[in-house]
Amino acid sequence: MLTNEDVLTRNNVKIVGTGEQVMLMAHGFGCNQQMWRFLIPELYQQYKIVLFDYVGSGESNLAAYSKQKYANLEGYAQDIVDICNTLDLRNVILVGHSVSSIISLIAAQQIPDRISSLVMVCPSPCFLNLPPEYYGGFNQQDLSELIDLMDKNYIGWAQYLAPLVTGNIEKNSITDELTDSFCSTNPVTAKSFAKATFFSDYRALLPKNTHPVLLLQSENDALASLFIGQYMKTHTPHSSLHVIQAKGHCLHMTHPHEVAKRIQTFIDAIPLSDATV
Amino acid sequence: MTCEYPLDNFPCGLVVTTVEERRVLSANQYFYLVSQREPCSVERIGNVLTPASKIVVESFIMPMLLHQGHCEEIQLTLETPQLERVPILVNAKIVTAGSRSIYWVITTAQQRDSLYQELINLRNDLEIRAEKLEVLSQTDELTGLMNRRAFVLQANALIKQANRLQNAYSFLMLDIDHFKDINDQYGHDIGDEVLRKIAQLLKNNCRESDILARIGGEEFAIFTMNSGNTVPAHFAEKLLAVIRTEKIHGIDVTVSIGVATSLTGSFEELYKAADLLLYDAKHRGRDQCSSSD
Chain A
1 MLTNEDVLTR NNVKIVGTGE QVMLMAHGFG CNQQMWRFLI PELYQQYKIV LFDYVGSGES
61 NLAAYSKQKY ANLEGYAQDI VDICNTLDLR NVILVGHSVS SIISLIAAQQ IPDRISSLVM
121 VCPSPCFLNL PPEYYGGFNQ QDLSELIDLM DKNYIGWAQY LAPLVTGNIE KNSITDELTD
181 SFCSTNPVTA KSFAKATFFS DYRALLPKNT HPVLLLQSEN DALASLFIGQ YMKTHTPHSS
241 LHVIQAKGHC LHMTHPHEVA KRIQTFIDAI PLSDATV
Chain B
1 MTCEYPLDNF PCGLVVTTVE ERRVLSANQY FYLVSQREPC SVERIGNVLT PASKIVVESF
61 IMPMLLHQGH CEEIQLTLET PQLERVPILV NAKIVTAGSR SIYWVITTAQ QRDSLYQELI
121 NLRNDLEIRA EKLEVLSQTD ELTGLMNRRA FVLQANALIK QANRLQNAYS FLMLDIDHFK
181 DINDQYGHDI GDEVLRKIAQ LLKNNCRESD ILARIGGEEF AIFTMNSGNT VPAHFAEKLL
241 AVIRTEKIHG IDVTVSIGVA TSLTGSFEEL YKAADLLLYD AKHRGRDQCS SSD
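So the sequence lines, in the order shown, correspond to chains A and B. First residue of the first sequence? That's 1 in my numbering, and the numbers climb one at a time after it. First residue of the second sequence? That's 1 in my numbering, and the numbers climb one at a time after it.
To be clear, the hints were calculated from the coordinates, so they are not data collected in a lab. A quick note: this is a predicted structure, and the numbers were derived from the prediction, not measured. Just so you know, not all the hints are guaranteed correct.
As the list claims (entries may be wrong) - The calculated label-pair distances, taken between Cβ atoms and stated as ranges, are:
hint	chain 1	residue 1	chain 2	residue 2	range
1	B	Q166	A	K208	39 to 45 Å
2	B	N204	A	E133	45 to 51 Å
3	B	S137	A	Q45	56 to 62 Å
4	B	R207	A	R90	36 to 42 Å
5	B	T254	A	P207	44 to 50 Å
6	A	T265	B	R129	38 to 44 Å
Said to hold, decoys possible - Once the Cα atoms are required to be at most 25 Å apart in a straight line, the calculated DSS-like pairs of lysine-lysine come out as:
hint	chain 1	residue 1	chain 2	residue 2
7	B	K93	B	K203
8	B	K132	A	K195
9	B	K272	B	K282
10	A	K14	A	K48
11	B	K272	B	K238
12	A	K191	A	K233
13	B	K160	A	K67
14	B	K132	A	K191
15	B	K247	B	K272
16	A	K67	B	K272
17	B	K272	B	K203
18	B	K93	A	K247
19	B	K197	B	K247
20	A	K69	B	K282
21	B	K203	B	K160
22	B	K180	A	K69
23	A	K195	A	K67
24	B	K180	B	K203
25	A	K208	A	K233
26	B	K180	B	K282
27	B	K93	B	K132
Claimed, not checked - Partial chain A-side listing against chain B, Cβ under 7 Å, derived:
hint	residue
28	L146
29	L149
30	C183
31	D201
32	L205
33	K208
34	C250
35	M253
Idealized CB from N, CA, C, for every residue including glycine.
All chains, full assembly: derive it from the sequences and hints.
Encoded structure:
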């Protein structure tokens, strides 16, 4: 039984921009809503931009974290659904980075009437190689090593053993002190997010899409190859793919101007009737 | 790319790369030594990293560098051409003077890695033990049901929730009739068997949302949230019938039940009320329930 205020504090929801139409930006694995800060100046005049942190990331309320709920992407999608319902958002453009593209897609299928379109920055529906028909880029072993590497990195980050002692992440005051760090610092939540992101396969979700989708890709992305972009385009109805002349996985941080321009062109091209399909 | 690096004697890898793609612009000898590559043969820093390390670079290091300009003490893994894995520690910063570049410092971290591995193993071990202990501290050994301690904790939490939603709730206290006689006549093993069987019967007939516990020798308790179509006294009658019709080791076993229902009462109040009602049911001849409704 969450009140409106509960959801807004829980997800550290921030609203910026002077426009009318709502654009909700969902950060990817590893960081928080601050990763949108380079893109916001490009779009804030035209849109009302809703920013948030997933529970377990950024300055979200860790007391609301549930290991079970956030063990798969549906749990994260519920955060988006809750925010849209709480603020009674309509005609929303969902912008998601990396794994949040898929999280947005799950959310859009749950509240189709509230969503107008989806923008996916460097998306991938599955990071695993599943030969012969799909190459997500990584083997099971690589991804297990990732979890191991995250473990090793978190040891140096203060509250590694604390959750064990308190038995409870919400009782951990050190966690709260560190939440202003840009990247995830909570070992429990970050590892769950990593597992939900990198061990999942949401390819089956793509054909069910009913909204206009813009896929933005970079020419060379270690996490989402051109093959994945093509795969997304082929299997997602109502989608268009644009490869930005750039490299890397954080286009919205490295090439915000180009990304904003593409988003604007995409939105302008959607006939009003389509936006509310 | 220049190979005559003036800092070749440093016992750590020093690398300058572009921001995009992390193309190696310059690197000292140690970097090539540690990654076991020919000098000047590495085009991108990513080429010497394992796939998992590339994810860490894209998901943590790059966003951090772009956001705050620097990052410290990130552990990654180098992969040599012989597929050997070398743990390394990385500090990096973006320098914007002139053309934007990333300056990397790389040190090997084998010892730190083994120490951390030991810590991880220890933590995992502790985690498993803590979980086991938690289960043990909440479980009644004989029946596998919740014990009294866990029951009190959970019931109190549910009462708070019910009060907020203004829901009524009930406390059913069950006691096996003439249990002492069963023990005396058939022995403790059979007595234990009866307790286990009753626990099983109760479990099969409770809703998933009910809390069921063994709270004393032959005493069981059920805490249930009342919903529109269930009357707690009917639920108690059903339990009485289920137990009455079941022969356990050829013995006819019955129970008596006290059912206290409230909208606002505390756990202690409810407990006391249910206890008195149970006493009343016993007093009136057993194998029946006494309810506050």
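Verification of the hints:
1. Q166(B) - K208(A): 39 to 45 Å: 40 Å, holds
2. N204(B) - E133(A): 45 to 51 Å: 46 Å, holds
3. S137(B) - Q45(A): 56 to 62 Å: 58 Å, holds
4. R207(B) - R90(A): 36 to 42 Å: 39 Å, holds
5. T254(B) - P207(A): 44 to 50 Å: 60 Å, violated
6. T265(A) - R129(B): 38 to 44 Å: 58 Å, violated
7. K93(B) - K203(B): 61 Å, violated
8. K132(B) - K195(A): The given pair, whose Cα atoms are some 24 Å apart, holds under the 25 Å limit.
9. K272(B) - K282(B): 15 Å, holds
10. K14(A) - K48(A): 10 Å, holds
11. K272(B) - K238(B): Judged against 25 Å, a Cα distance of about 23 Å means the pair holds.
12. K191(A) - K233(A): The given pair, whose Cα atoms are some 29 Å apart, is violated under the 25 Å limit.
13. K160(B) - K67(A): 23 Å, holds
14. K132(B) - K191(A): 22 Å, holds
15. K247(B) - K272(B): 31 Å, violated
16. K67(A) - K272(B): 37 Å, violated
17. K272(B) - K203(B): 24 Å, holds
18. K93(B) - K247(A): Satisfied, since the Cα-Cα distance of roughly 19 Å is no more than 25 Å.
19. K197(B) - K247(B): 10 Å, holds
20. K69(A) - K282(B): Answer violated: K69(A) to K282(B) is near 45 Å, above 25 Å.
21. K203(B) - K160(B): 24 Å, holds
22. K180(B) - K69(A): Given that 25 Å is the threshold and the Cα spacing comes to 46 Å, the pair is violated.
23. K195(A) - K67(A): At roughly 12 Å apart (the allowed maximum being 25 Å), K67(A) and K195(A) satisfy the hint.
24. K180(B) - K203(B): Within the cut-off at roughly 23 Å; holds.
25. K208(A) - K233(A): 13 Å, holds
26. K180(B) - K282(B): Roughly 14 Å separates the two Cα atoms, so the pair holds.
27. K93(B) - K132(B): Judged against 25 Å, a Cα distance of about 45 Å means the pair is violated.
28. L146: Where the cut-off is 7 Å and the nearest Cβ of chain B is about 4 Å from L146(A), the hint holds.
29. L149: 5 Å, holds
30. C183: 5 Å, holds
31. D201: At about 17 Å, which exceeds the 7 Å cut-off, the nearest Cβ of chain B leaves the hint on D201(A) violated.
32. L205: Interface hint status for L205(A): violated (22 Å vs cutoff 7 Å).
33. K208: 27 Å, violated
34. C250: 6 Å, holds
35. M253: 4 Å, holds
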